[in-house]
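For the protein sequence lines, the chains are R and Z, in the order given.
All residue numbers for the first sequence refer to my numbering, where the first residue is 732 and numbers rise by one.
All residue numbers for the second sequence refer to my numbering, where the first residue is 183 and numbers rise by one.
It should be emphasised that the hints constitute simulated quantities derived from the structure, not laboratory data.
Possibly wrong hints are sitting among the right ones.
Here are some, though not all, of the chain Z residues that point toward chain R, as calculated from beta-carbon distances under 8 Å [unchecked claim]: (1) 259; (2) 261; (3) 264; (4) 281.
Note that CB positions come from ideal geometry on N, CA and C, so glycine has one too.
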Amino acid sequence: MVERLTRWLIQTLYPAAWQERYGQEFEALLENVSPLSLATVWDIVRGGLDARWRTEWRPRNIRQWLALLASSWAVGAGGLFWFVPTSQSCTASTTGLTHCVSTTVAGSMAGPVAASLALLSIAFGVLPYLARRSTVGLWAWGGLVLGFFVLSFGIDIWWLPAGVLAVAAASCPPRFREEAPARAEPR
Amino acid sequence: MVDAGRGIVNPEDMGRFSGPALLILTSLAGEPRHGYAIMEDVRAVAGVRIGPGTLYGALARLEEQGLIRALPEASGRRRPYALTASGREAFTAYCEWSRRLSELGLSRLKELNLAW
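Looking at chain Z on its own, in the form it has when it is part of the complex (with noise of 0.2 Å):
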């Protein structure tokens, strides 16, 4: 996902959940959230509803790719989940990447709205 040496990522390398990996992503930079708490924090956050089977299926498919991880039952049958130290690194490359090109298209957006 991260080219270490020249800071590249890949977007297309969050998988086929993209949208929700990266909703799920921002949750638990936050603090470490079980399932259902993921959910509501997403919901708060940026007014997306995430299904139950989205929801794991983005789960399981960054616990794979080593992004995050599930810490020990803190109560019952909720287990929460956590950034990885890769995940950290990836996820904050992700958000730089994604800052500039937001800088860029909005100044770009500036010059086009001047000219008309």
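So that you can see chain R by itself, here it is in the shape it has in the complex (with noise of 0.2 Å):
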């Protein structure tokens, strides 16, 4: 069980050049310290995570610097704005006091919200990067990034869609167009 499920993180988390690499001689080396304890597993987890890093997903220019930053700038300000008040009720008491209460959206939809906020966190987090390697995930990213945009201006933040639109500007490379597989022309 365990050693099955080390065999699938090793092949999803890897990076195929590594695997390529070292994964026959990593995987002999398992067989040496099996049983795995969970602690291994844990490790060669932060080592798939550590390869992905040094070879895929560290930015290697300032336009990819500035996309992981809009990203992680994003999902801040979208974990926020569930928390800033949206509205506030006042009810005057009989004694003369002034009871005023903040309506969050976080306050209002306790329950959703959780899960939005996974959500949102997962497409800020996820979206940029298959934008930069298939149409779809292009389309997807510029869905998400409108509709938030669109979303945001019923509501009184505007640092929430300006940052939007900075993600949206840095994680888009204009180099996409150009990477993009040509199509063929029609004989």
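Given two chains presented individually in distinct reference frames, assemble the corresponding complex, making use of the accompanying hints.
See the structure below:
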């Protein structure tokens, strides 16, 4: 069970180039350290993420760094969005004191918030990555940015749409069109 | 990593896996070893257990930096690693720097203990 999980982790987490270079000897090593403990499995996961970061995910230029920073910002802003007061209702009591209650999106919709936050985080983290690699990913990323931008206009948080635009500008490299495979001309 | 003219070593250049990298270099300073042999040697010599992911992350970095190289497979799927010439030079310089620092620290601690 653990061995199968480990094999799956290696094939999923580690980059193809890494697997080609170190895969066989890594598996040979794991045969020696079995049975694998949870700590070892966690170490393998960390190693895979580190290999991905070092060979694929680490930004190579200013634009990619901007995309990473802007995406991180968007996740944070998206999270804050749910907890910024959107309205305030005040009631005067019989003693003359005014009691005000602020309403936040999270306060009024506590249930779906956790799921929405998770989805938002995944979307802002994963879609820019997919947008660099496929047309479908680019469209999905564009739709998310546009939808979030339009939604944000209804709420008095000026920095949210501005940030989303920053993410859009930073995350969609102009080189994408050049990198996309050219369609064959109809004969 | 090493300024050949002045013999200056920057330990930060050992990278994020500085601890495991140093342990691996120490292990390979003895003789060429494959991954599992390095793990066992480090555990025996330093009492530290390096996980497989950490080990191969450090090995890949050291290989990229040109400090170690993979030797042709001796048997089966195991591939031994050995220090390169620049790896030997860099690790020698690091060990000497580390020894000077340790000796200085110990002598100062001795003075401090005498003062108390």
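Going down the list of hints, with the structure as the test:
no., hint, in the structure
1, 259, "4 Å, holds"
2, 261, "5 Å, holds"
3, 264, "14 Å, violated"
4, 281, "31 Å, violated"
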